[in-house]
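*Asks:* Chains as they are written, first to last, in the working numbering: chain C, 78 to 866; chain R, 31 to 192.
Hints are computed from structural coordinates only; laboratory data are not their basis.
A portion of the hints provided could be inaccurate.
As the list claims (entries may be wrong) - Some, not all, of what chain R presents toward chain C, calculated at C-beta under 8 Å: (1) A112; (2) A157; (3) R159.
Claimed, not checked - With beta-carbon atoms standing in for the labels, derived distance ranges: (4) R:L47 / C:D288: 36 to 44 Å; (5) R:A157 / C:T496: 51 to 59 Å; (6) R:L47 / C:D613: 35 to 43 Å; (7) C:E858 / R:A157: 56 to 64 Å; (8) R:G115 / C:R168: 38 to 46 Å.
Backbone N, C-alpha and C define an ideal beta-carbon position, used for all residues, glycine too.
This is what each chain is made of:
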Amino acid sequence: MATASSARQSQQWVGQPMQRREDARFLRGTGRYTDDVPHAFALHAAFVRSPIAFGVIRSIDVSPALEIPGVIAVLTSADLGHATLTGFLDRDEFIKTAMPILANERVRFVGEPLAIVIATSRYIAEDAIEAVSYEIDEFDPIVAMDDAQRTPQPIHDEAPDGVLVDLRMFNDDELEEVLATSHVVVDETFRSGRLQAAPMEGRGCLAEWIDRDDQLVVTVSTQLPHQVRTGIAQALGLAERQVRVIVPDVGGGFGFKAVLGREEVAVAAAARILRRPVRWAEDRLESLTASFQGREQEYTVRAGFTEDGVLTGLVADIRCNIGAYSAFPFTCGLEPIMAATEFLGVYKVPRYASRSRGIASNKPPSNAYRGVSRPQIVMVMEGLMDRAADRLGIDRVEIRRRNTIRAEDFPYSGPNGITYEPGSYLEALELCAAQVEAAGWRQRCEEAAPGFIRGIGIANFSERNAYGTATMGLRRMPMTPGFEVAHLAMDASGDVTLTSGTCSAGQGHETTFAQIVADRLGISPDRIQLRQGDTDLTSFGWGTFAGRSLVIGGGAAAVAARRLAVQLREVAAQLLSVDADDVELVNGHARVRGTDESISIDEIAKTVHFRSHLLTDREEYLLESHGSADPSGMFSNGCHAALVEIDAGTGAVQVLDYLVVEDCGVIVNPLVVDGQVRGGIAQGIGATLYEEASYSPDGQPLAGSFMSYLVPTAAEMPPISIHHLETPCYQTETGVKGMGEAGTIGAPAVILSALNDALRSRDAWLEHVPVTPADIQRLLELPTKMESS
Amino acid sequence: MSESREITLTVNGERHLIVVEPRRTLADVLRIDLGLTGTHVGCEHGICGACTVLMDDEPVRACLIFGVQADGSSVRTVEGLAAKGELTDLQQAFSRHHALQCGFCTPGFLMLAEGYLATTPAPDPVAVREMASANLCRCTGYQGIVDAIVEVAEHRFRERPI
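Just chain C, same shape as in the assembly:
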């Protein structure tokens, strides 16, 4: 049983701001992303995509395209045997629907693939798209969630009301009475806009059937190598062994690649049918409008408070616009489940009830995007705190303080059925509030130039991560993610190869995993090579998502390293004729404690491989170990504060300054942690002020390029100062908690809080993101509270 104290063992590398081992190749331009993988003979795929949001396919005529020189094939759903992917939850509240690999009978969003063109170049493939003709009878599309009620034609016949998942996981018969007798009930509706993760590298793949290995080898940009293997094998009727998924460098994931897309399956199918290698690289239009989106949600919430601002109970009706299909493998239940179960955050809420629904629309399917529902639930909880504080005349920090789960409450069990392991919720709030005072932000608010208004926001929150099988099993996916297995092998030169089923998309696993293993083996991280992203190299794993990799994958590596260390000490003991308990591994040597007597680990490795006849007591040959980890899941926590400025003339918002207090347990590499925080905040600022995958009422995407989908640039980013607290995790051998999503989670809440502070003289509240300059201008046109009274 691992304990927090085991994280306190003597450590040399964990905690160091090591420059990343990945960096050199990325800086030289010799990193290898999917579309960089050379293949002299690969054909190129492009997709014929529906220009219609919702309709019945009457015909598709591919024959003119086949006349174009260089076009090898044009395949439709029938050519793929009407293959499908089905992401479902095995529960009564979930309606199971299939996603055809290529549209079959109906189209359900603009951009849905109707056919795949295979040609000798991408240029020719795109020419051929123009030559494919089709007839589609249009229905009125369902774009907004309320459209489903007034459109007779359901998106899926299985769900006539358009609701694919309807969860009432938490009920409380006495809640209504408690609200009725509460001093104040804050009754609000919050909305968040549809987003796209927009990693700089879009999706892509290269597929080739290899007769010698009886295998379809699919190189693909994904966060989930083994789940992509399972999905492709299922869709194409192959054994798992017959699909090898290779993941080279991944140019950003953010949940956008924690999925199997239909395009990758179509390319794999084409390679198998044609028995020729085929490659595809998504362009930005496809990425923004025809892949996966998320976060379009609405929360109608009532929260009761006592006169002193203490929460009495909360009821939430949550609706998520999940798009046209349920994604594989995490399903359209992902956002509704997370929103309902994790809603209460860092607060003690005595009574809680919620209904959360996933509603189908004629938009691309939703999938995870960094934080999933947490940016919204934190925005809602913090918005409720600000409203209650305003109505009760209590300071915004004070009302949070009165409701926050405290150190003495842990392990705390909430009405959401979750038991929280220790965190620094109140400490983070106090430190953040103190930092705001110390930074002189109140003074800076007073100093705004004429025509500008400033405000301060604060948001205290947690980030649940590293969900193991015990927690994931509650979701009832047909396959339950959660554990990881690591394998370590030391070669004859004393170098170590580590394999993990997690899969880095820029998080620096090659560095941080090596730091963890290095401490336990007493060698330099430079001697440890992480291999990942190849289903033939690693027996199984669940990939990288939800802050799980360094916690679970790194936790498994720590266990494997501890076991390998035992082997090294035993061999050293035999070679030095001492007891293994007296041997320690330090600075590349196995040393007899308290003496100068030692043998180098390189020498041990050489002996084990080349002179094993000297080792008479060993039952096993070589130096190899396995480790596994499967924590139930944990909460990191943090508190953010932001100073924002509104240009009253234009309604434009600039975030002037930003403070972070975060607690992710033991920090393996501060450079990486701070990088995750800053990058996450950039995405959160984008979600709050700039980005929206917007649609016209007839279902046409309005954000198809980076000219209309506005990813923040350097000019939009404030300085960010980061303060660390450390509450070690007791579920893992390393004490590490996940932390990849915190920045994205906190930013919308804190910026909205700051904007509402800036606009406090107006009798209006912002309760949606993204907030546009036009929204701000509308509020500024309202009379001030003084004028209206």
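The hints should help you fit chain R onto chain C, whose structure is shown.
*Replies:* Relative to chain C, chain R alone:
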């Protein structure tokens, strides 16, 4: 449309004679015809800047230039930066400041910054941030990128030949 033309291109000091379709982008010429895949394609409409290379010392979006337009020019790509083996001061500063995570946008930022620093030897941090806003990064939040470029600019200015 498909009548190919012969162009000459000097890339990282090496002269190439290439036959290309007029519609072939410089990005595809570099990546597919010359195998220089360090130049990445992020948007194909000139916004993200991942494909930024130096064409006759000027930063350009390789996705918006046709190969035929580059005929006779000298192109420098990320592969040309550390040609002698050791990483350049700018590349080292990027690593030190954690100015890259997934690395996909990094070559574009390096080439953008090299082009900028060649003509703007003593920029202030505000100007560097403004310049860096020409390209998109989705991982880092830009602080490390700006810090690395500012540090190298100052160092190069101090050490400049007088």
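*Asks:* Need the list of violated hint numbers for this structure, in ascending order.
*Replies:* Violated hints (numbers, rising): 2, 7, 8; every other hint is consistent with the structure.
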